[in-house]
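> Residues per chain, in single letters:
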Amino acid sequence: MTQATRADISVIIPVGLRQDDLMELYEDYCAGLRALGHHFETIFVLDGPQTRAAATVRRIMESRPEISMLQLTRPFGESTALMAGFERATGSIILTLPAYSQIESGDIGKLVAGLNNADLCLAHRTPRRGGPLDAARRAIFHHMVSGITGSKVRDLGCGARAMRRQVLEEITLYGEQHRFLAVLANRQGFRVSEVDVRQSPQDHFAGHYATREYTRSLIDICSIFFLVRFTKRPLRFFGMIGVSTLSIGVAIVLYLVADRIFGNHALADRPALLLSSLLVVLGLQLFALGLLGELIIFTHAKNIKDYQIAEVVEFPSAGERPRIGRSDADHSGAEAGAPAVYAGR
Amino acid sequence: MSSAPDLSVVVPFYNEEQNIERMYHALIDALVPLDRSFELVFVDDGSRDRTAAVAKALAERDSRVRLVKFRRNYGQTPAMAAGIECARGRVIITMDGDLQNDPTDIGLFLDTMATGYDIVVGWRHNRQDKLVSRKIPSRIANWLIGKVTGVPIRDNGCSLKAYRADLIKHIPLYSEMHRFIPAMASIAGPRIAEIKVKHHARQFGKSKYGISRTYKVLLDLMVIKTITRFTSRPLLWFSLLSLPLVVFGTIALVAGLMNGLGAHSISLPLTGSGLILLAATVTMIGAGAFGELVYRLGDIREGQFSRLTERFMASAETNSIEHLTSPALATSVRGPAQ
Numbered sequence: 000m001t002q003a004t005r006a007d008i009s010v011i012i013p014v015g016l017r018q019d020d021l022m023e024l025y026e027d028y029c030a031g032l033r034a035l036g037h038h039f040e041t042i043f044v045l046d047g048p049q050t051r052a053a054a055t056v057r058r059i060m061e062s063r064p065e066i067s068m069l070q071l072t073r074p075f076g077e078s079t080a081l082m083a084g085f086e087r088a089t090g091s092i093i094l095t096l097p098a099y100s101q102i103e104s105g106d107i108g109k110l111v112a113g114l115n116n117a118d119l120c121l122a123h124r125t126p127r128r129g130g131p132l133d134a135a136r137r138a139i140f141h142h143m144v145s146g147i148t149g150s151k152v153r154d155l156g157c158g159a160r161a162m163r164r165q166v167l168e169e170i171t172l173y174g175e176q177h178r179f180l181a182v183l184a185n186r187q188g189f190r191v192s193e194v195d196v197r198q199s200p201q202d203h204f205a206g207h208y209a210t211r212e213y214t215r216s217l218i219d220i221c222s223i224f225f226l227v228r229f230t231k232r233p234l235r236f237f238g239m240i241g242v243s244t245l246s247i248g249v250a251i252v253l254y255l256v257a258d259r260i261f262g263n264h265a266l267a268d269r270p271a272l273l274l275s276s277l278l279v280v281l282g283l284q285l286f287a288l289g290l291l292g293e294l295i296i297f298t299h300a301k302n303i304k305d306y307q308i309a310e311v312v313e314f315p316s317a318g319e320r321p322r323i324g325r326s327d328a329d330h331s332g333a334e335a336g337a338p339a340v341y342a343g344r
Numbered sequence: 000m001s002s003a004p005d006l007s008v009v010v011p012f013y014n015e016e017q018n019i020e021r022m023y024h025a026l027i028d029a030l031v032p033l034d035r036s037f038e039l040v041f042v043d044d045g046s047r048d049r050t051a052a053v054a055k056a057l058a059e060r061d062s063r064v065r066l067v068k069f070r071r072n073y074g075q076t077p078a079m080a081a082g083i084e085c086a087r088g089r090v091i092i093t094m095d096g097d098l099q100n101d102p103t104d105i106g107l108f109l110d111t112m113a114t115g116y117d118i119v120v121g122w123r124h125n126r127q128d129k130l131v132s133r134k135i136p137s138r139i140a141n142w143l144i145g146k147v148t149g150v151p152i153r154d155n156g157c158s159l160k161a162y163r164a165d166l167i168k169h170i171p172l173y174s175e176m177h178r179f180i181p182a183m184a185s186i187a188g189p190r191i192a193e194i195k196v197k198h199h200a201r202q203f204g205k206s207k208y209g210i211s212r213t214y215k216v217l218l219d220l221m222v223i224k225t226i227t228r229f230t231s232r233p234l235l236w237f238s239l240l241s242l243p244l245v246v247f248g249t250i251a252l253v254a255g256l257m258n259g260l261g262a263h264s265i266s267l268p269l270t271g272s273g274l275i276l277l278a279a280t281v282t283m284i285g286a287g288a289f290g291e292l293v294y295r296l297g298d299i300r301e302g303q304f305s306r307l308t309e310r311f312m313a314s315a316e317t318n319s320i321e322h323l324t325s326p327a328l329a330t331s332v333r334g335p336a337q
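Protein chains in written order, with numbering that gives the first Met the number 0: chain A, 0 to 344; chain B, 0 to 337.
Bear in mind the hints are in silico, worked out from the structure with no lab data behind them.
What you are looking at is a predicted structure, and each value in this text was computed from that prediction instead of being measured.
Glycine included, every Cβ here is placed at the ideal spot set by N, Cα and C.
Incorrect hints may appear among the rest.
What follows is a set of in silico ranges between Cβ atoms, one per label pair, in the way DEER data are often shown [to be verified]:
#1 B:Q303 <-> A:A138: 45 to 53 Å
#2 A:G174 <-> B:R310: 42 to 50 Å
#3 A:G149 <-> B:L239: 36 to 44 Å
#4 B:H124 <-> A:I218: 51 to 59 Å
#5 B:S2 <-> A:G174: 44 to 52 Å
#6 A:H264 <-> B:R71: 22 to 30 Å
#7 B:L130 <-> A:S246: 39 to 47 Å
#8 A:V256 <-> B:L217: 24 to 32 Å
Pulled from the structure, derived: some chain B residues nowhere near chain A, Cβ distances all over 12 Å [as the list claims (entries may be wrong)]:
#9 E16
#10 V31
#11 E59
#12 S62
#13 G88
#14 R89
#15 D104
#16 H124
#17 K129
#18 R138
#19 N141
#20 L143
#21 K197
#22 F237
#23 L292
#24 V332
This is chain A alone, in the form it adopts within the complex (with noise of 0.2 Å):
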């Protein structure tokens, strides 16, 4: 891409309670930016009233004019602090930033490079520093996110990540799905690449609150575990689960009758009996769990289209071409322009 084509980067850092100090991380990412040529702006979103960080930033601000920054009235969390910056982006290409080091400024280019055959481009720190335990702990939870879903990742945690607008424009982030965007973004059929990137010798963050990773990961593997398999059929999941209990706790009963019967046990003996009670009664439960899903699946069917139409290719003199299949994007953006509620100066 030359400079004539005018790429437009549109740079979103969100700011939240990690964050280093965001004149010298910035001077640094510009280095890595303009190294690419490309014309850029950068949006700050401060996730919640943070006065220092905002100091900061209108410093920034004074020296240079491609800068624009989104304060939150409290900490809504990295996804809709995304979402929030993504509003104001005009630019094609989105490049998302952590407020602190993560990785090198130089290796920016390879993000938005990686984009030529993806739409999606992740970074993965490597090499990588930490412990043998952390490496196990990161190895093991990427390995399972892969297996649940299918999409290969090796750095979730890493905030930079490069993508062209249509993939915002089609996904709403909320809640922690910041860190599964690109398993989102497979879902939807994107192209999602991954490309190594040096980590900045300042990334030191792990380690510090070993438990509470652990628990994160774990959390993590379960919304994932749901996003993927649940969301689509909650009966196929529930219902298999329930009809293994129910069938485990029906063999039960019927073996303690029978043998009431037939081997003169009394019922009143038989512990067993209270044990196949339960499970029949959690299988049941578990069922009636999966069909109310299905139930909020089919009259919701509306909002919830599982299908993405690329494009819709017709002979060229058909007229103006109908903007059907888009329909979920258009909704994104009619709510993208709706809450001017967040700039809280």
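Could you slot chain B onto chain A? The hints should help.
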């Protein structure tokens, strides 16, 4: 071409580069003599071969062809749903992209539709597939589907079907429901006919089905039953489901307490399990009440479905009823009984 065509033929393709061009010619040869305006909606379900390229070339050459492209492979139901969503015809015909259905049957479908049916389904009466792995399981499944849904179609798996567009566009289609579209549509009480169609053995490409779907079909049936009969009455449905709990729970409780009437003490296991079962009933009913809430908050209203198939008749038009006779080849599954 601004007005809606009479007919849209929706064909999903997944890795069918050898078949798509043939399919196109077969369709054109079959449809042109019918003398009705038509469009072909080809859906590329994220094929990894040249299917999309071939289809694109066709769409750019022929104004009657439109290509709906997926970014990745979503499966047959989403492909059909997308094709139906994009189709503009008043009648929508769906068929497989593997040339196993014969486009020359389409004329008969249209004739049957014209006699007042909302849905016409094909029946591959001399099916060209393996007996044990395909035909027998399918026969059992079809019998079961007919029993559970009350729409006794002999061949749910046949993709060649015709729908009135404004009916099918309002039926939610998702996941792997394409085999159950008539059953799903039964929520609107459509008039359904079944006609025999030709079926050819597969010439090119690979079949994409396996037999390992039995448990899925069973669970899907449960879903269909729930959705089509009880969407607006989940409380009733969940109460029915918890009926066995009530019966066994009461029996166990009474038996346990009766034990105490004699010289013995009250039987703890029996009373206990009775109480557990009865408690479970309460949570089941709670789930049903929850379902009522879900129904209220959702955008499906059962009343809206009656409008899809209703037929208003003022006294001046009573003679129009004589159109509602089936052609000789069609079997009425449900609908115009006159």
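> For this structure, which hints from the list above don't hold up?
6, 7, 11, 12, 22 and 23
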